[in-house]
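Work out the full structure: start from the sequences and follow the hints.
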Amino acid sequence: MAETPPPENTAAGPELESVEAPEIGIEAQYIKDLSFESPLGPDAQAAIEQNPSVAVEVSTSARPLGPSRYEVALVIRGEAKGGDKSVFIIELTYGATITLSNVPEDAVAPILLIEGARLIFPFARNVVAEVTRDGGFPPLFINPIDFVQLYRDQHMNEADGNGAANGGKV
Numbered sequence: 001m002a003e004t005p006p007p008e009n010t011a012a013g014p015e016l017e018s019v020e021a022p023e024i025g026i027e028a029q030y031i032k033d034l035s036f037e038s039p040l041g042p043d044a045q046a047a048i049e050q051n052p053s054v055a056v057e058v059s060t061s062a063r064p065l066g067p068s069r070y071e072v073a074l075v076i077r078g079e080a081k082g083g084d085k086s087v088f089i090i091e092l093t094y095g096a097t098i099t100l101s102n103v104p105e106d107a108v109a110p111i112l113l114i115e116g117a118r119l120i121f122p123f124a125r126n127v128v129a130e131v132t133r134d135g136g137f138p139p140l141f142i143n144p145i146d147f148v149q150l151y152r153d154q155h156m157n158e159a160d161g162n163g164a165a166n167g168g169k170v
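The working numbering puts the first residue of the sequence shown at 1, with every later residue one more than the last.
It is worth saying that the hints were derived from the structure and are not from the lab.
Small disclaimer: the values here were computed from a predicted structure and weren't measured.
Treat the hints with care, since some could be wrong.
Calculated lysine to aspartate or glutamate pairs in the EDC-like style (CA-CA distance at most 16 Å, straight line) [unchecked claim]:
#1 81 <-> 43
#2 32 <-> 91
#3 85 <-> 130
#4 32 <-> 20
#5 85 <-> 37
#6 85 <-> 43
Using C-beta positions, here's what the derived DEER-type ranges look like [what the hints assert, rightly or not]:
#7 50 <-> 20: 50 to 58 Å
#8 91 <-> 21: 34 to 42 Å
#9 66 <-> 89: 28 to 36 Å
#10 84 <-> 45: 34 to 42 Å
#11 21 <-> 84: 51 to 59 Å
#12 23 <-> 138: 17 to 25 Å
#13 106 <-> 29: 46 to 54 Å
#14 129 <-> 152: 22 to 30 Å
C-beta atoms are modelled at their ideal positions from N, C-alpha and C, and glycine is treated no differently.
This is the structure:
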């Protein structure tokens, strides 16, 4: 019968502290603000047939609500233009109450503005698509967003002195 080798590194030493993994939870999601306009009214259908250009802008913000509780807001603005005329404009601020645990203080903002925004994006995207469809237009489906790059872009603007893109301190 083969002898079992002794375990390696059996020297006594300090026990490793157990580190709990960071956790993120969503308590609630909600439409904080929603606006839809069709300035052309009955002439909008003719403008849609002309294949208008559509521009979409997205930004994120976060603010503390209490210990380990935060509000994350995803702001989406879409505008379809036919020439110099607006066919439709949609503005949505979609919010969520998020809880964090076991997160180092310096990681709170990136987690909220990247991971928190990523978690609520599909719901906000759905609201935009349904409202534009219910407004009489083809649904506006927003392409997936790289929230890491968006976070970098917003924080580069802050570092350059162009304002607080995250809408508040976290």
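Hints versus structure:
{"no.": "1", "hint": "81 <-> 43", "result": "13 Å, holds"}
{"no.": "2", "hint": "32 <-> 91", "result": "11 Å, holds"}
{"no.": "3", "hint": "85 <-> 130", "result": "23 Å, violated"}
{"no.": "4", "hint": "32 <-> 20", "result": "33 Å, violated"}
{"no.": "5", "hint": "85 <-> 37", "result": "12 Å, holds"}
{"no.": "6", "hint": "85 <-> 43", "result": "11 Å, holds"}
{"no.": "7", "hint": "50 <-> 20: 50 to 58 Å", "result": "57 Å, holds"}
{"no.": "8", "hint": "91 <-> 21: 34 to 42 Å", "result": "37 Å, holds"}
{"no.": "9", "hint": "66 <-> 89: 28 to 36 Å", "result": "35 Å, holds"}
{"no.": "10", "hint": "84 <-> 45: 34 to 42 Å", "result": "18 Å, violated"}
{"no.": "11", "hint": "21 <-> 84: 51 to 59 Å", "result": "53 Å, holds"}
{"no.": "12", "hint": "23 <-> 138: 17 to 25 Å", "result": "39 Å, violated"}
{"no.": "13", "hint": "106 <-> 29: 46 to 54 Å", "result": "26 Å, violated"}
{"no.": "14", "hint": "129 <-> 152: 22 to 30 Å", "result": "27 Å, holds"}
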